[in-house]
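Could you put together the complete structure from these sequences and hints?
Just so you know, the sequences run in chain order A and B. Heads up: the first sequence at position 136 corresponds to 136 in our numbering, and the numbers run straight through without jumps. Heads up: the second sequence at position 25 corresponds to 25 in our numbering, and the numbers run straight through without jumps.
Just so you know, these hints were derived from the structure itself, not from any lab. Heads up, the beta-carbon is just placed ideally off N, CA and C, and yes, glycines get one too. A hint or two may mislead.
[Stated by the list, open to error] Label-pair distances were calculated between CB atoms; the ranges are: (1) A:A56 to B:T352: 39 to 45 Å; (2) A:A56 to B:R72: 22 to 28 Å; (3) B:Q61 to A:L34: 31 to 37 Å; (4) B:F59 to A:R123: 25 to 31 Å; (5) A:A56 to B:F59: 25 to 31 Å; (6) B:G33 to A:R123: 20 to 26 Å; (7) A:P209 to B:T476: 40 to 46 Å; (8) A:R123 to B:N132: 39 to 45 Å; (9) B:Q61 to A:P209: 45 to 51 Å; (10) A:A56 to B:T544: 54 to 60 Å.
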Amino acid sequence: MRPLVLLAAALVVAGCSKSTVAPPQDAELTPVDLSNHPAPPVLPDPEANGGHVGRAPRRITVAQLKQSILVTTGRQWSQIDTLAASLGAADFALVNSESTEPNLVFAKFLEDGAREVCLNAARDDLARSPSARVLYPLVPDTRDFTTLTDGAIRGNLGYLSVRFWGQPMADAELGTWATTFKAVAAAAKAANKPEQAWGAMCVALMIDPRFITY
Amino acid sequence: MSLLRPLNRLALASVLFVAALSQAQVCQADPSGIPIERRLRQLSLDLLGRPPTMDEYRFVQAKGAILPEDVRALMGREEFYGRMKEYHRALLRSNISAAIYNNGDTRLNTTTDGALPLELRGNPSAPLRGRNSTGCDHFIPQDQCDAYREDPQNEPATKTCRDEQGVPLPVSADYSPDQYQCTQLTGATSCADAVSKGLTADKYLYFCDMRRVSGVLQPHACLPNPGNPITAAMTTEVLDGNGRVVAFTNPAPLAGALARLDRCSLTLVVQGGVRGHYAAQTGCIQREGTVMAPAPYWDSSGAATVAMCAIEAQDRPVNPWTMESCETARFLSDRACGCGVLSRRCESGSATLHNDRVAAINEEPLRIADSVLRRDEDYFTLLTTRRGFVNGTLAQLYRQNQSPTVWLVTRPGPMDSVPDVPFAAKDTWVEYTRAENASGVLTTPEWLYRFPTVRSRVNEFWDAFLCKHFAPPAGTTVPPPEDACNRENNLSKRCGCSYCHATIEPAGAHWGRYGERNAQYLDPDVFPKYSAKCRDCALAGNVTCDGECGNYVMQAFDGDGAQSLGLLKTYLYRTPEEEPNIVGGPALLVQRMMQTGDLERCAVRNVWNAFLGRPMTAEEERLYLEALSVEFAAHNHDLKDLIFRVTSTEAYRRID
Numbered sequence: 001m002r003p004l005v006l007l008a009a010a011l012v013v014a015g016c017s018k019s020t021v022a023p024p025q026d027a028e029l030t031p032v033d034l035s036n037h038p039a040p041p042v043l044p045d046p047e048a049n050g051g052h053v054g055r056a057p058r059r060i061t062v063a064q065l066k067q068s069i070l071v072t073t074g075r076q077w078s079q080i081d082t083l084a085a086s087l088g089a090a091d092f093a094l095v096n097s098e099s100t101e102p103n104l105v106f107a108k109f110l111e112d113g114a115r116e117v118c119l120n121a122a123r124d125d126l127a128r129s130p131s132a133r134v135l136y137p138l139v140p141d142t143r144d145f146t147t148l149t150d151g152a153i154r155g156n157l158g159y160l161s162v163r164f165w166g167q168p169m170a171d172a173e174l175g176t177w178a179t180t181f182k183a184v185a186a187a188a189k190a191a192n193k194p195e196q197a198w199g200a201m202c203v204a205l206m207i208d209p210r211f212i213t214y
Numbered sequence: 001m002s003l004l005r006p007l008n009r010l011a012l013a014s015v016l017f018v019a020a021l022s023q024a025q026v027c028q029a030d031p032s033g034i035p036i037e038r039r040l041r042q043l044s045l046d047l048l049g050r051p052p053t054m055d056e057y058r059f060v061q062a063k064g065a066i067l068p069e070d071v072r073a074l075m076g077r078e079e080f081y082g083r084m085k086e087y088h089r090a091l092l093r094s095n096i097s098a099a100i101y102n103n104g105d106t107r108l109n110t111t112t113d114g115a116l117p118l119e120l121r122g123n124p125s126a127p128l129r130g131r132n133s134t135g136c137d138h139f140i141p142q143d144q145c146d147a148y149r150e151d152p153q154n155e156p157a158t159k160t161c162r163d164e165q166g167v168p169l170p171v172s173a174d175y176s177p178d179q180y181q182c183t184q185l186t187g188a189t190s191c192a193d194a195v196s197k198g199l200t201a202d203k204y205l206y207f208c209d210m211r212r213v214s215g216v217l218q219p220h221a222c223l224p225n226p227g228n229p230i231t232a233a234m235t236t237e238v239l240d241g242n243g244r245v246v247a248f249t250n251p252a253p254l255a256g257a258l259a260r261l262d263r264c265s266l267t268l269v270v271q272g273g274v275r276g277h278y279a280a281q282t283g284c285i286q287r288e289g290t291v292m293a294p295a296p297y298w299d300s301s302g303a304a305t306v307a308m309c310a311i312e313a314q315d316r317p318v319n320p321w322t323m324e325s326c327e328t329a330r331f332l333s334d335r336a337c338g339c340g341v342l343s344r345r346c347e348s349g350s351a352t353l354h355n356d357r358v359a360a361i362n363e364e365p366l367r368i369a370d371s372v373l374r375r376d377e378d379y380f381t382l383l384t385t386r387r388g389f390v391n392g393t394l395a396q397l398y399r400q401n402q403s404p405t406v407w408l409v410t411r412p413g414p415m416d417s418v419p420d421v422p423f424a425a426k427d428t429w430v431e432y433t434r435a436e437n438a439s440g441v442l443t444t445p446e447w448l449y450r451f452p453t454v455r456s457r458v459n460e461f462w463d464a465f466l467c468k469h470f471a472p473p474a475g476t477t478v479p480p481p482e483d484a485c486n487r488e489n490n491l492s493k494r495c496g497c498s499y500c501h502a503t504i505e506p507a508g509a510h511w512g513r514y515g516e517r518n519a520q521y522l523d524p525d526v527f528p529k530y531s532a533k534c535r536d537c538a539l540a541g542n543v544t545c546d547g548e549c550g551n552y553v554m555q556a557f558d559g560d561g562a563q564s565l566g567l568l569k570t571y572l573y574r575t576p577e578e579e580p581n582i583v584g585g586p587a588l589l590v591q592r593m594m595q596t597g598d599l600e601r602c603a604v605r606n607v608w609n610a611f612l613g614r615p616m617t618a619e620e621e622r623l624y625l626e627a628l629s630v631e632f633a634a635h636n637h638d639l640k641d642l643i644f645r646v647t648s649t650e651a652y653r654r655i656d
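Given below as structure tokens:
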């Protein structure tokens, strides 16, 4: 394998450098100076490394969850400290290591928290100017979200996916989420609870595995 | 498997080949292929403990790359230091809340009637007043006791408020519900009135007790409790010259059982004939009164004085009759001691003060680690520095020797070295230099309490800083129970035990001058290696030496023990080569371990574990461990640099 890596490294050099050295003649070897080039990445053999080359995705800790909720929604989940032990936090007196297992208890409580935080954040946003909004700063000032254009919906969903997950949604997924939003917005309008439109999207983003893992 | 392996390697090589090609074409792309936003989120969560803000995402998107200097800049932020405090909290398991025994006996509770005095009313009430959970008389000022008479039939013509040394004496007495059943005599205002109205017989006048019902004194007739087998047998009445009952006795008492109950008075029992050793009369609750005393140190009301039970309000260092110390737990049962100056021996009635102390002690080692990190010092200064930190809670705990029965803590240095931070300044932390015996986090009260025995301290040091664990070798067998080696008292030699204890016992000697289940330093000036007095006590069979020799070998279970009588316990079974461990303390252990390279390798493993969320695999150890350890050492054990290097590895940057 190592010769192949070296070959790859050599190609890297070839790709990056623009040498003007004259081509070697037949049967002539010209050394290539690699001293200024970074070494190729060192990677473990996946077969000897449990099938992985890098680290495995992992669930965020309770402390990270607490900060994540605050940073993404601007609000704090009122029950997070009370439920910290159930969510996996260690106290280092009786429980010595944090549990980051994404189990059903965690999922259930997180959904409770998402509902509380997201609906309140969406309600607060109704009273804010567009630029100050947390959940839908990229859509026009309206309480009837069924009137939003497809572009506005997709734009804001893309914004939210970065805000919540740190990664923009791909086009195909964006289309699915936009469809979902339209259905939710229609239901919210029918119930005369406009905050539930983007609030529901916030809940969906927060209980998505991409929010609780990294 | 053998067929697949070459194929997989080829596949990997192909991936690398393609990656290298794409790198060659773009040159600045992240070789891990992870979107820049996701990498920023990963770094932000790991280094700052939070996801990036939208402004941070936009900044990086505009920049197009996360450069090494950006990662280092993240490690300069305040949030990073907060994240690292949490890292060290986990590493040191910094929480002593389950390691401190506090039964609340020293808590001065508030009261709701009379003068509203502060009082101890837990278990110590039994030796002081005659019954658990009993306070003082809230309605009678101690030093005007003669002006108040609740039960004149049982009180002397002139009441004495204090003995010759000023120790408060009872100002009122009640019959204890443990031995008596009392019935309210409705319709009378006093015991004499009850007798005159025929509500109780004159011969039981002395067993009439004025008790408060809804704040008003009401006469009660008290007789030995028929529901209690012991007191139910008190059937014989002892009469005085006036034909009044002065005692109840059991005509056929069992050996050792209570045989007599005398009328209650204000006279205390003198135990063992020793003046100053007071106890309450059996069957009686003998209450002292209240005084105005200086407000306790935790009182934030601004009041100069507060009402307090007269016993608790005393501030003597010793019992004036016997000269016994009031600084130990015995103050709780000694009528002559009290809570000390500004109630320093006692605690507030709520758990707030206790919790503040636990929190402060938990915080100190994290502050030490934080200071090492902020100053870019050698990371292992964490284990050797004399630097310490106190806030108001901790400073006054040390300086005033507060709550000495709950917190068995040695002041970390001379009085003038411990900053005098005001008690109320819980959020003000001040750095200071501890005494020479201090060795980083390893001698903080947090470490000593959290790991209460020398063996647990060794185990945690091995676990946290050497990444090694004590376990017998696989396939170990031990000799049968009848083998003589099972009876070896020295665990470093006992078969089966010696696999671990041959290491643990000599290493434990590094904490030999620290008490177990407390945070006391056994100063050689106070606790010399050998005590002739303790040896003499041991030879005389006085194995406690009246409480003075708890840290010394007082009993022999083998030849080594017999030769060690009077030696500080830590010297038992130690060889001459191991004795320097006791003198050198934990600092010497760290110094020795630095030479092995294990500390560096373990620091790498710990950081790896924290940032990748899993231990290093054997393959990763082969690739990274030695290289990162060498770099760590070459960079003055700079933890930030190590974290930077770990987060720069391909293993960290790739998620699969």
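Okay, the hints, checked on the actual structure:
no.: 1; hint: A:A56 to B:T352: 39 to 45 Å; result: holds, 43 Å
no.: 2; hint: A:A56 to B:R72: 22 to 28 Å; result: holds, 26 Å
no.: 3; hint: B:Q61 to A:L34: 31 to 37 Å; result: holds, 33 Å
no.: 4; hint: B:F59 to A:R123: 25 to 31 Å; result: holds, 30 Å
no.: 5; hint: A:A56 to B:F59: 25 to 31 Å; result: holds, 29 Å
no.: 6; hint: B:G33 to A:R123: 20 to 26 Å; result: violated, 40 Å
no.: 7; hint: A:P209 to B:T476: 40 to 46 Å; result: holds, 44 Å
no.: 8; hint: A:R123 to B:N132: 39 to 45 Å; result: violated, 55 Å
no.: 9; hint: B:Q61 to A:P209: 45 to 51 Å; result: violated, 23 Å
no.: 10; hint: A:A56 to B:T544: 54 to 60 Å; result: holds, 57 Å
Checked against the numbered hints given earlier, the structure breaks hints 6, 8 and 9 and satisfies all the rest.
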